[in-house]
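Asker: Here are the chains, one letter per residue:
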Amino acid sequence: MDDYRSNINVWKEYFNLIISQKKLFITLFILNIVIGILDAAFPLFTRYAVDNFIVNSSLNGLREFMLVFIIIALFQSFNIYLFVALNGKMETIISYTIRKRAFENLQIQPLSFYDKKAIGWLMARLTSDITRISEIISWGFGDLAWGLAMMIAVAVSMLLLNLKLALITLTVVPLLAVVSIYFQRKILSAQRKVRKINSHITAQYNEGISGAKTTKILNREEINLLEFSNLTQSMKAASVKATLISSLYIPIVIILGSIGTALVMTYGGIRVATNTISYGTIVAFISYSMQFFEPIRQLATIIAEVQSAKASAERVFFLIEEVPDIADQEEAVEKYGDFFNPKKENWPEIKGKVEFKNVFFAYEDGELILENFNLTVEAGESIALVGETGSGKSTIVNLLCRFYEPTRGEILIDGINYKDMPQVWIHENLGYVLQSPHLFSGTIKENIKYGNLDASDEEIIEACKLVNCHDFIVKMEKGYDTEVAQGGSSLSTGQKQLISLARAIVRNPKIFVLDEATSSIDTETESIIQSAIDKVLKGRTSFIIAHRLSTIKKADRILVIKDGKIIEEGKHKDLIARKGYYYKLYTNQYIEEKSREVLSNMPSET
Amino acid sequence: MKEVKTLLKFMKGNIIAYLIGMIFVIIAQFFAILAPLVIRTTIDSIIGDELITSQIVVKAVEVFGGKYFLRENLWIIGILIIAVAVLRGIFMFLKSFLSSKSAENTIKALRDALYDHIQKLPYGFHVKADTGDLVQRCTSDIETIRRFLGIQLVEVSGSLFMISFVLYVMLKLNTKLALVSVITLPILFTFAYLFFTKVKKIYQEVDEAEAAISTVLQENLTGVRVVKAFARQKYELVKFDEKNRDYTDKAYNLMKILAIYWGCSDFICYMQIGLLLLFGSILALKGQISLGIFIAFTTYINMLIWPTRQLGRILTDMGKAIVSIRRINQILDEPIEILEENHLKPVIKGSISFEHVYFEYEENKPVLEDITFTVKPGETVAIIGPTGSGKSSLIHLLARLYEYTKGSIKIDGIELKCIDKAWIRKNVGIVQQEPFLFAKTIRENIKLANPTIDDVRMYEAAKIANIDKDILYFDKGYDTLIGERGVSLSGGQKQRMTIARIIINQCPIVVFDDSLSAVDTETDLSIRRELKNRKNKSTTIIISHRISTVSEADLIIVLDNGKIVQRGNHKSLLKEEGLYKRIYQIQNPIDHI
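Same order as they appear, the protein sequences are chains A and R. Going by the numbering used here, the first residue of the first sequence is number 1, and it counts up by one from there. Going by the numbering used here, the first residue of the second sequence is number 1001, and it counts up by one from there.
Calculated directly from the structure, the hints in this document are not laboratory data. Just so you know, these numbers come straight off a predicted model, no measurement behind them. Note that the Cβ used here is the ideal one computed from N, Cα and C, for glycine as well. Honestly, I wouldn't trust all of these hints.
Stated by the list, open to error - Computed footprint of chain R on chain A, listed as stretches where at least three residues anywhere in the stretch have a Cβ under 8 Å from a Cβ of chain R:
| id | segment |
| --- | --- |
| 1 | 213-223 |
| 2 | 275-287 |
| 3 | 444-458 |
Stated by the list, open to error - Which residues of chain A face chain R? A few of them, derived with a C-beta cut under 7 Å, are:
| id | residue |
| --- | --- |
| 4 | R99 |
| 5 | S391 |
| 6 | R557 |
Kindly produce the complete structure, drawing on both the sequences and the hints.
Answerer: Spelled out as structure tokens, the structure:
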């Protein structure tokens, strides 16, 4: 479940990101060189001071000397400033870009994607994993490039200076390579584990916080903590192990480097003693060998970090590269736009005729839910779906909304196969009210506006009056500007359903889908808004799934669904007369219906 | 500082290991300095002919057989170089082991404490909690602390050692020049401290901006169905982008501040070197110091000034860590519920009495007023009334999720406030109105309150809740994994799962908070029958709109605006003119079709 394709080419993605910032990257690279050269130049000042002032016993030119020193120091400090600032720029831009891309791709994933992914996992990818990658790309790669350049330059100088000595020094390089490859693998697999547990921890926090109320009621705090503690325990073990592997790698590189130096010293020293090479050469050589292994040590450190970040990168890039199961066709996007750039001017206006033509559908687990399903709904018709849980009524609605697509067969809106249009086309014309009403944090007004961003205050109030939530909203201290806590928790479930109804109404959609939309609304209110809903639905195509038969009764056509098939269909009266499945269902629930009606008539004020 | 105290509290038991790690940093540092010294001495004095000045080095050379022997046998020095590197490596490795182990121990303790604390925060906190923000604190802030402890802070000792050692050597060589060499250090430190304060302020903003991203993200993911149904992808992207941009700007701003600090502190360091060159040249010229001392000082200054700069950098990083600890402390400072106050844990039979109970969330906004009623063990009480009438609040009081403001609630004659919260909740099983399932298997979800319950009872509970057939319909049956919010189940299925989850516990008191309305009449009936027929009958409280459910209750309470407006049982209410009678009159459906 917590899978990622390991064949994602992380290096290619890194490369592309660097290319996207190539100016910055090149500037940083040049800065790196300038800083390196100046750093190497500072000892020259000491030598100059010794040679010209002390040895010569003269202070002539001291002022100029100090002036040059200050200028160089200023210049170098400025370089350092630039280096940090530009690295910071690169880091933040890259993290911004990746995060945006990941979020964008998340938005176009179909619901089936979310069925399988825990929110916390996705959050971990979009936060900590991205932070790691952008850090390593901006800071690591500049140093990596610099270290490599340095290493090559020194190697070339050594080879030019003395081939034999150079080869001796370089004998440890293949060994270094072998060790490095071995450790890179180790580090990556250790880090993969760490990142995986990390996302589990994020998920646990997310679930623990979202489900805290349930935990409390079930008195499950201790067991939860125990489970969480096991997770943090394995995180601890995995992290320590990952650190140990990295911190074993660096010392080994240092030791191998020292072997290189020792070889030069032993071999070169003998040659000096036998006068085969000059004293100067050996001195130069030893300092070269130290200069050669220093960047290698740095490289090793960076590579270890890059490798750690690779585990994060795999997770993030997997998310970015994930191709949605339901995707808009290219021609459709070209002509009609997509989620982010809808070309509404080209859209054919939806009247609301819906056809299911020989539709087959199976969820991913393979179970066939719909088999050769056919249904034609005229524009403006209201359809009620009745049936037991698992009968397929939710599937029909999910397919209509294109949250899922038929496995075979087609669904036509106004005669157009909806696969020939972008998804946004149908969604923009949809008014969908769910059983569990999710509200976003923000004010009540903002939440209703979610249905129609252009809705005026008057329209919002009108919709609220229609669904009878205006009164309780204005009773609140800040009225429509009352902040709704996350998930709307400060409101009762019934109140949330009313607000989400208003949200769908301001949308003024062509097709309405009410999925148990009024189940938690109290009796009194429900009966009041029933007529309002009827009014709203008039002239629009609507699909209603409801438990309450009062909601269903007025539908133009009632479909009784069983095992993915329509077993009865018709108007309420006809179905009752038929004395079939619907009749049984209706009489069973009639008592409840009537009782609710009476309850709704009770005085609300005492 | 409070933040340091917090850190020390969680480091408890790991401080010694951490300190040893710090000492190992010093030892590794020592070997790191030793290696070039060995190489230089070899080049200068073994291969070359320079005289060795240091007595220690002279002795060391003698130990290894003297200058000429070594010159013939340079492999000895080669081995020495390798040995030094090996020793350095060993101590580096040990340092990493100790520091990462103590850091990870500390972080584990912090993570567990946070998780535990959050779930013990009162119900009222969670009603308003911003999940995304909390998650960000628990993950991102913890990570900042982890890095500071595991990677940065431990290196402080190395720098400190270097600075004091070099300072000591300098003072021994020449006091005057030593003083000149440290003249800018106070400036460097003041500067670092100023930036430390500044970074704290800015990092706080960065961190909060990151939390804002986390909130938008969490809400977007939680409400994905709404986003899709309303085709608000673009809107969400714009919203996210705004937060993302804000965070990016602030993070970049922080980097710019750090860049200024780095640039300036480097300049101060260079100036220190410049000053040494200036005064050193003058003093050397005046004959107050030898050329050798001057050259030594120019080497030492680099070993002094850069570690000092490094300390400054760590200090500014500490600013970040302190902000993170502060944000975590904000959570830890929220008062939690004490679940076990060592009060009573009586065996609960199930009689409940409310006597003149008042309750308000906010002052002078009463939610419940003068609630009085009594239920005997095994009886059923039904509560009906419009939304907002206080039905759920009444249940919350019974489970001590909130405390009543006035009056008295008694279970088996014992005042509720005297019984441990944990004990009450163990005995009062509430089926919530909005079902929440965990990302676990169905089995685990049903056995949520007590994982050790045997399967037979689970099958029973599932059967009563009429979810058993649904479960067997899944390929993996009871081992089917449910999505984080039970995504793959329908609303009705989720509700029945939560009913099974409560039934399995056989609590003496069971509460249905408008949760039976989502199941069909037959399931409703079978659930109520089962509760009645149990050997130890549960006292049942049912909030429902369904009259068939209500009619069988021993006591029916009609609640409106926080007050009881009607009460009685089926028979007595039928004799009154009022609501119940009117319901009864239309009981026969066939007449009305």
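Asker: Against each hint, give a clear statement of whether it holds in the structure.
Answerer: Hint check:
no.	hint	result
1	213-223	holds (count 10)
2	275-287	holds (count 4)
3	444-458	holds (count 3)
4	R99	6 Å, holds
5	S391	10 Å, violated
6	R557	19 Å, violated
Going down the numbered hints, you'll see the structure goes against 5 and 6, while the others check out.
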